[in-house]
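Listed below are the residues making up each chain.
There are 2 protein chains.
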Amino acid sequence: MRFYGYYRSSAAYRCRIAFNLKGVVPEFVPVHLRKDEQRRDDYLALNPQGLLPALETGGRLLTQSLAIIEWLDETHPDPPLLPKNAFDRAYIRSLALSIACDIHPLQNLRVLNELKSSFGQDQAGLDAWCRRWIEPGLAAFEATLAKSKTPGAFCFGTTPTLADICLLPQLYSAERFGVEIAGYPNLTRIKASCDAHPAFAAAHPSRQPDAET
Amino acid sequence: MRFYGYYRSSAAYRCRIAFNLKGVVPEFVPVHLRKDEQRRDDYLALNPQGLLPALETGGRLLTQSLAIIEWLDETHPDPPLLPKNAFDRAYIRSLALSIACDIHPLQNLRVLNELKSSFGQDQAGLDAWCRRWIEPGLAAFEATLAKSKTPGAFCFGTTPTLADICLLPQLYSAERFGVEIAGYPNLTRIKASCDAHPAFAAAHPSRQPDAET
Numbered sequence: 003m004r005f006y007g008y009y010r011s012s013a014a015y016r017c018r019i020a021f022n023l024k025g026v027v028p029e030f031v032p033v034h035l036r037k038d039e040q041r042r043d044d045y046l047a048l049n050p051q052g053l054l055p056a057l058e059t060g061g062r063l064l065t066q067s068l069a070i071i072e073w074l075d076e077t078h079p080d081p082p083l084l085p086k087n088a089f090d091r092a093y094i095r096s097l098a099l100s101i102a103c104d105i106h107p108l109q110n111l112r113v114l115n116e117l118k119s120s121f122g123q124d125q126a127g128l129d130a131w132c133r134r135w136i137e138p139g140l141a142a143f144e145a146t147l148a149k150s151k152t153p154g155a156f157c158f159g160t161t162p163t164l165a166d167i168c169l170l171p172q173l174y175s176a177e178r179f180g181v182e183i184a185g186y187p188n189l190t191r192i193k194a195s196c197d198a199h200p201a202f203a204a205a206h207p208s209r210q211p212d213a214e215t
Numbered sequence: 003m004r005f006y007g008y009y010r011s012s013a014a015y016r017c018r019i020a021f022n023l024k025g026v027v028p029e030f031v032p033v034h035l036r037k038d039e040q041r042r043d044d045y046l047a048l049n050p051q052g053l054l055p056a057l058e059t060g061g062r063l064l065t066q067s068l069a070i071i072e073w074l075d076e077t078h079p080d081p082p083l084l085p086k087n088a089f090d091r092a093y094i095r096s097l098a099l100s101i102a103c104d105i106h107p108l109q110n111l112r113v114l115n116e117l118k119s120s121f122g123q124d125q126a127g128l129d130a131w132c133r134r135w136i137e138p139g140l141a142a143f144e145a146t147l148a149k150s151k152t153p154g155a156f157c158f159g160t161t162p163t164l165a166d167i168c169l170l171p172q173l174y175s176a177e178r179f180g181v182e183i184a185g186y187p188n189l190t191r192i193k194a195s196c197d198a199h200p201a202f203a204a205a206h207p208s209r210q211p212d213a214e215t
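Sequence lines, in order, name chains W and F.
Number 91 in the numbering used here belongs to position 89 of the first sequence; there are no gaps in the numbering.
Number 82 in the numbering used here belongs to position 80 of the second sequence; there are no gaps in the numbering.
One or more hints might be untrue.
As the list claims (entries may be wrong) - Just a few of them, taken from the derived set where beta-carbon distance is under 7 Å, the chain W residues facing chain F:
| id | residue |
| --- | --- |
| 1 | P50 |
| 2 | Q51 |
| 3 | G61 |
| 4 | L68 |
| 5 | T77 |
| 6 | N87 |
| 7 | A92 |
| 8 | L99 |
| 9 | A102 |
| 10 | C103 |
| 11 | K118 |
| 12 | F121 |
| 13 | Q125 |
What the hints assert, rightly or not - The calculated lysine to any residue pairs, modelled on SDA-like cross-linking and capped at a C-alpha distance of 25 Å, are:
| id | chain 1 | residue 1 | chain 2 | residue 2 |
| --- | --- | --- | --- | --- |
| 14 | W | K149 | F | L48 |
| 15 | W | K149 | W | A130 |
| 16 | W | K37 | W | Q125 |
| 17 | F | K149 | W | L48 |
| 18 | W | K118 | F | L48 |
| 19 | F | K151 | W | D44 |
These aren't lab readings, by the way, just hints derived from the structure by calculation.
Predicted model only: the values in this text are computed from it and were never measured.
In this text, a Cβ means the ideal position worked out from N, Cα and C, and glycines have one as well.
The whole structure should be built from the sequences, with the hints applied where relevant.
This is the structure in structure tokens:
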């Protein structure tokens, strides 16, 4: 199993947490996003989308972090990353997707590069753009958790799920762009639980072999 | 079951196709996105994210089109919207997510409104921005289909899956923003198969009760 990632990619970070939770150790192939290595011919031949992450397994390629994680959960069921009940599974997927579809895509590197080149945005403009999407997204995540009143250290009970796997990397990005979460008791509690969990801690960008200081 | 949607929302369009394929007919509640009805207090009390679509079932609320469709597929398994094999399931999910995470979020209404108000973009600027993401996204979708060489009328064989459910609404948006797909034999074939399928045809925005001319 070969995993193509980049230390600062949120989507790769999600997969790393999932691999760690499952005790799966794929071979790691770093693809440097800021050097545009994902646009090189050899990588495009493998993954025509030219994005990260990607997972090679059995001679075939899987892309998209959530598809990779659901595949991992189906092929390595222990510990489960989704609850058993259909509604609860959908609820966890909806939390994950509220980050993966409605926050993260608007603040990733290729979008920020486009805002820089097409609309002349400087770093302050880019940070404001990111906060414009991260702030209401995390506020809604907190409000949804508060409404659901599920007790436990994580988004859903006492063990991590796909929702926590998407949340922690988004909180890491939030910090980079100056978004404060101290006013959100659920997010604060869950972040502390994740930070204290070895599978999450080992997946942190700063602890990857391709990390830059 | 009560479904909150808007005729022109791509994400609601996906859900409508899935409901039709499953023969499920929820009560429809129109929420007018261009009149900002999704930001009204009564809707926010229901769905703090203030986005569409949403599904009320058994007194609880589900959000996020892909979570709703996976829930529908788990609770109404016939006909299945995902293959049985774990890798194939992940492949279909990755096609769906390549649209739901990497194309659609960049061209939806709230993002276009922000580009208008913050960066003074006119309609031509907005159309160019949308094409900037739709064109490479669909080109990569075509290349991925071409690589996988799966025969059949749809993305994966002879029956529709979650990938087709995401693709057709994206092709509808592509047309609105002036993106041409004639050069893509797989997309062209699949679009024709979807257009000829009653579940897809009945889900078309122009055929919804809240459609405007």
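Comparing the hints with the structure gives:
Hint on P50 (chain W) holds. Least Cβ distance to chain F is approximately 4 Å, under the 7 Å limit. Taking 7 Å as the C-beta cut-off, the interface hint given for Q51 (chain W) holds, the closest approach to chain F being about 4 Å. Against a cut-off of 7 Å between C-beta atoms, the interface hint on G61 (chain W) is violated, since the closest Cβ of chain F lies about 11 Å away. The interface hint given for L68 (chain W) holds, since its Cβ lies 6 Å from the closest Cβ of chain F, which is under the 7 Å cut-off.
For T77 (chain W), the interface hint holds, since its Cβ comes within 7 Å of a Cβ in chain F; the closest pair sits about 5 Å apart. Restraint check, N87 (chain W) versus chain F: the minimum CB separation of about 10 Å is more than 7 Å; hint violated. For the restraint placing A92 (chain W) at the interface with chain F, the shortest Cβ-Cβ distance is roughly 4 Å, inside the 7 Å limit, so the hint holds. Interface restraint check for L99 (chain W): the shortest CB-CB distance to chain F comes to about 4 Å, inside 7 Å, so the restraint holds.
Taking 7 Å as the C-beta contact cut-off toward chain F, the hint placing A102 (chain W) at the interface holds, the least distance being around 5 Å. At its closest, the beta carbon of C103 (chain W) sits 5 Å from a beta carbon of chain F; the interface hint therefore holds under the 7 Å criterion. Proximity of K118 (chain W) to chain F is violated relative to the hint, the smallest CB-CB distance being about 12 Å (cut-off 7 Å). For F121 (chain W), the interface hint holds, since its Cβ comes within 7 Å of a Cβ in chain F; the closest pair sits about 5 Å apart.
With its C-beta approaching chain F no nearer than about 16 Å, Q125 (chain W) sits outside the 7 Å limit, and its interface hint is violated. Restraint check for K149 (chain W) and L48 (chain F): satisfied, since their Cα atoms lie roughly 10 Å apart, inside the 25 Å limit. Between K149 (chain W) and A130 (chain W) the CA atoms are separated by roughly 29 Å; this puts the pair beyond 25 Å, and the hint is violated. Between K37 (chain W) and Q125 (chain W) the alpha-carbon distance is near 19 Å, which keeps this suggested pair within the 25 Å criterion.
For a cut-off of 25 Å, the pair hint linking K149 (chain F) to L48 (chain W) stands: about 9 Å separates their Cα positions. At most 25 Å may separate the alpha-carbon atoms for a hinted pair to count; K118 (chain W) and L48 (chain F) exceed this at roughly 37 Å. A C-alpha spacing of about 20 Å is found between K151 (chain F) and D44 (chain W), which places the hinted pair at or below 25 Å, so the restraint holds.
Hint check: violations occur at hints 3, 6, 11, 13, 15 and 18; the rest are consistent with the structure.
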